[in-house]
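Make the full structure from the sequences, and use the hints.
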Amino acid sequence: MYGKQKISVAVVALLAASTFGAAANEKVTFGTNWLAEPEHGGYYQAVADGTYAACGLDVTIMQGGPQVSGRPMLLAGKIDFYMGGNLLSAFDAVQQGIPMRVVAADFQKDPQVIMSHPGEGLDKWEDLKNADQYILGDEGAQTFFQWMVIELGFDAAKRAPYTYNTAPFLANKKSIQQGYVTSEPFAVKKEGGFVPNQFLLADYGWDTYSTTVEVMQDTIDKKPEVVQCFVDGSAKGWYKYLYGDNKAANDMIKKDNPDMTDDQIAFSIEQMKKFGLADSGDTDKLGIGAMTDERIKSFYDKMVKAKVTPEGIDIKKAYTLTFVNKGVGLELKK
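Letter by letter, the sequence shown follows residues -24 to -1, 1 to 310 in mature numbering (1 follows the signal peptide of the UniProt record, and there is no 0).
For lysine-lysine, the following PhoX-like pairs were computed, each having C-alpha atoms within a straight-line distance of at most 25 Å:
{"id": "1", "residue 1": "Lys166", "residue 2": "Lys149"}
{"id": "2", "residue 1": "Lys223", "residue 2": "Lys166"}
{"id": "3", "residue 1": "Lys105", "residue 2": "Lys134"}
Pair by pair, the computed Cβ-Cβ distance ranges are:
{"id": "4", "residue 1": "Lys261", "residue 2": "Pro75", "range": "24 to 32 Å"}
{"id": "5", "residue 1": "Val171", "residue 2": "Lys302", "range": "32 to 40 Å"}
{"id": "6", "residue 1": "Pro48", "residue 2": "Pro200", "range": "18 to 26 Å"}
{"id": "7", "residue 1": "Ala(-1)", "residue 2": "Lys281", "range": "44 to 52 Å"}
{"id": "8", "residue 1": "Met38", "residue 2": "Lys261", "range": "27 to 35 Å"}
{"id": "9", "residue 1": "Lys199", "residue 2": "Met38", "range": "12 to 20 Å"}
{"id": "10", "residue 1": "Lys149", "residue 2": "Met38", "range": "35 to 43 Å"}
{"id": "11", "residue 1": "Lys302", "residue 2": "Thr237", "range": "33 to 41 Å"}
{"id": "12", "residue 1": "Asp197", "residue 2": "Glu307", "range": "29 to 37 Å"}
{"id": "13", "residue 1": "Asn233", "residue 2": "Lys149", "range": "30 to 38 Å"}
{"id": "14", "residue 1": "Ala29", "residue 2": "Tyr140", "range": "32 to 40 Å"}
{"id": "15", "residue 1": "Lys302", "residue 2": "Asn106", "range": "39 to 47 Å"}
{"id": "16", "residue 1": "Lys134", "residue 2": "Gln193", "range": "40 to 48 Å"}
If you are wondering where the hints come from, they were derived from the structure by calculation, not from laboratory data.
Don't be surprised by glycine CBs; every beta carbon is placed ideally from N, CA and C.
Below you can see the structure in the form of structure tokens.
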């Protein structure tokens, strides 16, 4: 009887220890800026394969969308991390005195692309300004298009609104249209039956980082180990998503966003790798998520020149390099 009691106590102790270990993983929420898609794949991968859990985090991904305002939730402390589109929001936060920081840039290149019809005299980057019409959304017209006008000589009068419908572009062979390299070219091929010319703005001087990880300064101060775990886990997740078995992550993406198809996922991953969105340039040595002072200053200076962002902002308050540039996950690249 005594022996059985000893065994029972040991089992209870073991169960208690394992329960405590599970409970020790800190619950955090990461808000994405759009509906679940392959462009979020590294984060889903790190949840699906336990990468975040391995360093102590229980991560919930809260997908964004047209009716979701994620950044105000970050500022209000409702979520712990938020996916930024590019560096402009971080500059704006400094201007407004909001203590928010970018702690990683999981895309080295903004996915923003300009498309044109092949064989219509718009086959080179320098030809694009000669298009009859530039189909651009409001946000793009206020940001990268201002840079294209000031820096590259595009004609502001040729801009036409983009309503997220490719029909006007397909109907006008002398037009150009904005899009994401992982999305709109797929739609054009599917709906128009041809592969458009694709000019990634990042390859022509639009040097912002993208898919950034934004965190409040308070979290950095009080829980630096949580921030480090999320940054490292995300980097590893991206390597495994791009170069390893990503089925579980894709299953999670399709569960969160049932409209996502296998064909779209395959196309997006192919484009991310082809254009080096997550893994190119500085990541070869510093790892995915890499950032440098020089690159951020370069983009800021361009935005000041284009009158998108005011000068005089202390951009060092927009980000920190504390958690990146450590080569985390490089061994996972295959």
